[in-house]
Amino acid sequence: MVKSESAIQTEENTVVRMAGIVKRFPGVLANDHVDFELKRGEIHALLGENGAGKSTLMNILAGLYRPDEGEIIIRGEVENFSSPRDAINAGIGMVHQHFMLVPSQTVTENVLLGLDEPRFFMRLKEYDTKIASLSEQFGLKVDPKANIWQLSVGEQQRVEILKMLYRGAEVLIMDEPTAVLAPQEIKGLFEILRSMTEQGKSIIFISHKLNEVVEIADRISVLRRGKATANGLSSEGVTTKELARQMVGREVIFRLEKQASNPGDIVLDVRKVFAENDKGLSALSGLSLQVRAGEIVGVAGVAGNGQRELAQLISGLRNCAQGEILLHNEKISNRSTLYGIEQGMAYVPEDRTQVGSAPNLSVTDNVIMKTYRQPPISRGGLLDMSQANRFAEELKLAYDIIVPTVDTPVRLLSGGNLQRVILAREISGRPDFMVAVQPTRGLDVGAIEGVHRLLLAQRDEGAGVLLVSEELEELFALSDRIYVIYEGKIMGEVNIGLEEPSDQVVDMIGLMMTGTPMEKIGEGL
Amino acid sequence: MRILSLSRLYRIKLEPRLKEPPGWYPPLVSFGAIVIALVFGGILIAFVGGNPFLSYAHIARASFGSIGVISDTLVKATPILMTSLACAIAFRMKLWNIGAEGQFIMGGFGAAAVVLTPILPPETPGWLFVPVMMAFGMAAGALWGFMPGFLKARFNVNEIISSLMLNYIAIAWINFWIFGVWSEGGFQMSPKFPKAAWLPRLLDFSDTIPLFRGLTTHTGMLIGIMAAVLLWLVVYRSRWGYEIRLIGDNPRAAQYAGINISRNTILVMMLSGMLAGLGGMTEVSGVVHRLQTSPLAAGYGFTGIIVAWLSKLHPLVIILVSILFGALLLAGREIQPSGIPKMIQGIILVCLIASDFLLRYQIRVSRAGVEA
Chain W
0 MVKSESAIQT
10 EENTVVRMAG
20 IVKRFPGVLA
30 NDHVDFELKR
40 GEIHALLGEN
50 GAGKSTLMNI
60 LAGLYRPDEG
70 EIIIRGEVEN
80 FSSPRDAINA
90 GIGMVHQHFM
100 LVPSQTVTEN
110 VLLGLDEPRF
120 FMRLKEYDTK
130 IASLSEQFGL
140 KVDPKANIWQ
150 LSVGEQQRVE
160 ILKMLYRGAE
170 VLIMDEPTAV
180 LAPQEIKGLF
190 EILRSMTEQG
200 KSIIFISHKL
210 NEVVEIADRI
220 SVLRRGKATA
230 NGLSSEGVTT
240 KELARQMVGR
250 EVIFRLEKQA
260 SNPGDIVLDV
270 RKVFAENDKG
280 LSALSGLSLQ
290 VRAGEIVGVA
300 GVAGNGQREL
310 AQLISGLRNC
320 AQGEILLHNE
330 KISNRSTLYG
340 IEQGMAYVPE
350 DRTQVGSAPN
360 LSVTDNVIMK
370 TYRQPPISRG
380 GLLDMSQANR
390 FAEELKLAYD
400 IIVPTVDTPV
410 RLLSGGNLQR
420 VILAREISGR
430 PDFMVAVQPT
440 RGLDVGAIEG
450 VHRLLLAQRD
460 EGAGVLLVSE
470 ELEELFALSD
480 RIYVIYEGKI
490 MGEVNIGLEE
500 PSDQVVDMIG
510 LMMTGTPMEK
520 IGEGL
Chain D
0 MRILSLSRLY
10 RIKLEPRLKE
20 PPGWYPPLVS
30 FGAIVIALVF
40 GGILIAFVGG
50 NPFLSYAHIA
60 RASFGSIGVI
70 SDTLVKATPI
80 LMTSLACAIA
90 FRMKLWNIGA
100 EGQFIMGGFG
110 AAAVVLTPIL
120 PPETPGWLFV
130 PVMMAFGMAA
140 GALWGFMPGF
150 LKARFNVNEI
160 ISSLMLNYIA
170 IAWINFWIFG
180 VWSEGGFQMS
190 PKFPKAAWLP
200 RLLDFSDTIP
210 LFRGLTTHTG
220 MLIGIMAAVL
230 LWLVVYRSRW
240 GYEIRLIGDN
250 PRAAQYAGIN
260 ISRNTILVMM
270 LSGMLAGLGG
280 MTEVSGVVHR
290 LQTSPLAAGY
300 GFTGIIVAWL
310 SKLHPLVIIL
320 VSILFGALLL
330 AGREIQPSGI
340 PKMIQGIILV
350 CLIASDFLLR
360 YQIRVSRAGV
370 EA
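Quick note, the sequences are listed as chains W and D, same order.
Once you know that position 418 of the first sequence is 417 in numbering that gives the first Met the number 0, the rest is easy, because the numbers rise by one and skip nothing.
Once you know that position 165 of the second sequence is 164 in numbering that gives the first Met the number 0, the rest is easy, because the numbers rise by one and skip nothing.
Simulated from the structure, these hints should not be mistaken for lab results.
Hints may be right or wrong, so weigh each one.
Restricting the straight-line Cα-Cα distance to at most 30 Å, the calculated cross-link-like pairs of lysine-lysine (DSS-like) are [as the list claims (entries may be wrong)]:
#1 W/Lys-186 - W/Lys-488
#2 W/Lys-226 - D/Lys-12
#3 W/Lys-488 - W/Lys-519
#4 D/Lys-311 - W/Lys-395
#5 W/Lys-38 - W/Lys-226
#6 W/Lys-144 - W/Lys-124
Just a sample of chain W residues kept apart from chain D, beta carbon distances all over 10 Å, derived [as the list claims (entries may be wrong)]:
#7 Asp-31
#8 Arg-84
#9 Phe-98
#10 Leu-112
#11 Val-141
#12 Lys-144
#13 Gly-153
#14 Glu-197
#15 Val-237
#16 Asn-359
#17 Arg-440
#18 Asp-506
#19 Met-517
From the three backbone atoms N, C-alpha and C, an ideal C-beta is built for every residue, glycine too.
Put together the whole structure using the sequences plus the hints.
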């Protein structure tokens with residue numbers, strides 16, 4: 000094949016080329032003939048929804064998976080990685096979303112972990128200075144002598160980056176690096192990424208957040224359902240709207256037909272609550288909000304601003320230090336979880352597998368979690384299993400749970416199906432109040448739509464729903480009102496009509512999410 | 000997950016099972032594991048100069064060969080059955096009760112205390128003696144289960160350590176009584192109990208049914224089977240059992256479902272102790288007929304851990320496995336006091352535990368180059 004001069008030119012600049020990559024998992028085609036190309040010194044964003052195949056593609060590049068078909072060419076050489084070690088030897092390092100650090104050890108020890116040098120004596124002092132100079136070179140501010148547990152999430156991420164740089168990585172794969180970071184930390188990360196590319200490193204930036212991608216990336220590739228829908232698009236002049244279309248395949252990220260809401264009495268009244276998080280730090284400071292019957296109230300905010308604690312407080316899994324929460328004018332805060340359940344509260348927790356279900360128990364056992372105490376399932380101290388199974392069969396039909404039998408353990412269910420099990424359980428109790436935290440996280444588009452319909456149906460039947468989500472689109476599609484939470488406080492409240500919210504409203508919410516109270520925005524405008 | 004390339008031609012892959020295997024598969028795998036274990040055991044026997052076939056035939060005869068030895072097997076199986084049930088219910092909630100041994104011993108002590116204190120006079124009739132001894136045995140076992148349960152629930156003390164330590168305290172405790180207070184003429188054992196304090200044995204009925212002559216199987220086995228059935232009912236058909244299973248599988252989900260974990264920790268540890276204590280009572284009242292350390296502290300509590308695990312914590316399966324272990328204990332002693340029989344037990348155990356792997360993974364062999 001004769002190549003034109005420019006083609007050879009680009010070939011030289013190309014650090015990584017992946018051609019025709021196919022990867023199958025049992026039942027899923029994760030990558031379907033995907034091409035990908037990374038140039039020296041660029042930040043290349045890999046965009047796609049959850050489950051689009053981004054992580055799979057990058058895990059192949061990092062040597063964690065082997066492709067079923069296709070080839071990987073690193074600086075002109077065909078490579079065949081059989082382990083991450085091979086990949087790092089070829090200069091490719093991955094920073095995973097979940098850090099792989101030893102909390103009780105220092106930064107230096109973590110960086111050196113698994114290396115051949117030093118051989119026996121650690122000679123930590125010597126390596127401390129080495130790592131300090133490396134971190135200075137790239138602006139990765141972190142104390143080499145600090146223990147990992149003492150570091151913030153952002154600092155831990157820098158240690159992960161250091162680990163890869165120390166191993167000689169020329170290409171850094173960052174798997175959703177901003178998901179765990181606060182806004183100011185994101186800014187810091189972007190500076191670090193730029194300083195690395197200036198020094199000749201190349202970066203693959205995996206994300207599903209459009210705004211970030213447009214801000215940081217030089218070029219963008221988009222994956223949808225295992226296929227590349229855009230390859231190396233220049234980020235200049237590209238709009239988030241266009242990217243969104245590439246990502247989900249339609250212009251608007253689906254809007255359901257929604258009737259006007261008809262709010263009734265106040266169901267939930269959160270009055271100036273203060274609470275701490277698991278680490279004993281302040282998570283909620285004087286937060287108040289109300290939910291009325293027949294409306295969906297959204298809580299918008301960047302993850303980690305107290306949303307989780309708020310939901311736990313309402314559901315009785317956490318106690319508050321000050322303030323109180325009323326459900327139908329009855330105090331429910333600092334009482335048992337059982338009390339809330341008995342008062343008719345439903346709770347769809349953020350974590351489907353860790354909190355919302357018992358993985359090795361059957362579908363039946365999982366759907367009776369909230370109702371096993373009442374007849375007809377409970378008879379005296381005994382459980383009527385035939386009633387329980389009948390109940391499970393009914394829910395299976397009514398909520399389209401795809402499962403061979405109701406005796407199947409729920410760990411074998413897909414994410415969307417498991418979420419339907421949980422929603423079926425929570426909704427079937429006909430609650431008049433419901434908390435739903437990130438109910439669509441990790442689900443595919445079809446499943447998301449199903450979940451949204453169920454939530455709207457709840458509202459139309461007169462239940463109050465508190466919806467906590469990080470997806471603004473989701474909040475806009477479902478909510479009647481949105482509260483914006485920041486560092487455990489409500490920054491402001493916005494009414495959402497049936498129309499698509501104007502750009503002005505979106506900007507306002509964005510400002511509140513980053514810590515500007517509503518009153519201040521009003522002054523500025 | 001690819002573990003090894005056998006050759007350039009074939010490739011063996013291990014894949015996690017995405018579907019439940021069919022119902023006949025797990026028993027078949029267990030059976031296969033036992034066969035393989037017996038083959039290994041046979042090699043071992045041949046290696047030390049024995050004839051594996053004769054040895055196995057001897058083991059079979061010594062444990063199931065006649066009605067007499069079957070009866071002896073059941074006698075051995077009874078304490079194992081009780082301690083296994085005790086372990087199973089605690090393990091179901093992922094409470095690692097290593098203290099069935101101590102709870103068993105304390106059960107024996109509680110039962111003996113009724114006779115020796117005496118709480119009931121020696122002329123008490125059997126219909127009153129036995130139930131009161133059972134109640135005291137279970138109470139003493141429950142107390143021994145309560146302590147680690149309470150410490151775990153209240154102060155998050157590791158129950159493995161606390162229940163293990165209580166085993167030694169239990170042994171020291173009964174030693175104190177039989178060496179001193181209740182010693183029979185300076186011997187390290189208590190005086191024999193009056194007949195009314197004995198659990199009825201089959202031989203007691205040999206007047207009417209001559210077949211039962213000399214059979215020492217006592218009511219304990221029946222009590223144990225009843226306990227197993229009851230336990231099955233509790234675990235799979237009761238509200239409480241549902242809560243236990245839920246906590247065992249995912250404590251955070253249980254909390255979210257409004258279940259009080261601390262209370263259940265204490266209650267389940269007490270139930271576990273109670274079952275082990277009942278085992279101690281039946282051993283004292285059905286076999287030993289006096290309080291004595293060595294037949295009580297014979298390691299039944301630890302065997303119970305193994306049996307419970309092998310039975311996948313299923314109460315009804317435990318009945319079967321306990322009888323098999325009773326047979327192994329009995330026949331093992333028949334061919335050699337220690338050594339080879341224990342090794343065979345160990346091999347069976349390792350094979351059964353290893354076979355579990357096949358339930359969670361499936362092996363796929365494919366031609367190299369042809370990706371499955």
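A quick look at each hint next to the structure:
Distance restraint check for W/Lys-186 and W/Lys-488: the Cα-Cα separation of roughly 22 Å lies within the 30 Å cut-off, and the hinted pair is therefore satisfied. Proposed proximity of W/Lys-226 and D/Lys-12 is supported: the alpha carbons are some 27 Å apart, at most 30 Å. A C-alpha spacing of about 15 Å is found between W/Lys-488 and W/Lys-519, which places the hinted pair at or below 30 Å, so the restraint holds. The hinted pair formed by D/Lys-311 and W/Lys-395 meets the criterion: a straight-line CA distance of about 29 Å does not exceed 30 Å.
Restraint check: the Cα-Cα separation between W/Lys-38 and W/Lys-226 comes to about 21 Å, which is no more than 30 Å; the hinted pair holds. Note on W/Lys-144 and W/Lys-124: the hinted pairing holds, with a Cα-Cα distance of about 9 Å set against a maximum of 30 Å. With a cut of 10 Å on Cβ distances, W/Asp-31 stays outside the contact zone with chain D, its closest approach being about 15 Å. The non-interface label for W/Arg-84 is consistent with chain D: the shortest C-beta to C-beta separation is roughly 16 Å, beyond 10 Å.
With a least beta-carbon separation of about 22 Å from chain D, W/Phe-98 lies farther than 10 Å from that chain, consistent with its non-interface assignment. Every CB of chain D lies more than 10 Å from the CB of W/Leu-112, the least distance being 23 Å, so the non-interface label holds. The non-interface label for W/Val-141 is consistent with chain D: the shortest C-beta to C-beta separation is roughly 33 Å, beyond 10 Å. No beta-carbon of chain D comes within 10 Å of the beta-carbon of W/Lys-144; the shortest separation is about 32 Å.
Consistency note on W/Gly-153: stated as away from chain D, and its beta-carbon is indeed over 10 Å from all of that chain's, at 27 Å minimum. W/Glu-197, annotated as away from the interface, keeps every beta carbon of chain D farther than 10 Å; the closest lies near 40 Å. The beta carbon of W/Val-237 sits about 37 Å from the closest Cβ of chain D, which is more than 10 Å, so the claim that it is off the interface holds. With 10 Å as the threshold on Cβ separation, the claim that W/Asn-359 sits away from chain D is violated: the shortest Cβ distance comes to roughly 5 Å.
Every C-beta of chain D lies more than 10 Å from that of W/Arg-440, the closest at about 17 Å, which supports listing it as non-interface. The beta carbon of W/Asp-506 sits about 37 Å from the closest Cβ of chain D, which is more than 10 Å, so the claim that it is off the interface holds. No Cβ of chain D comes within 10 Å of the Cβ of W/Met-517; the nearest lies about 34 Å off, and the non-interface call holds.
Of the numbered hints stated above, the single one contradicted by the structure is hint 16.
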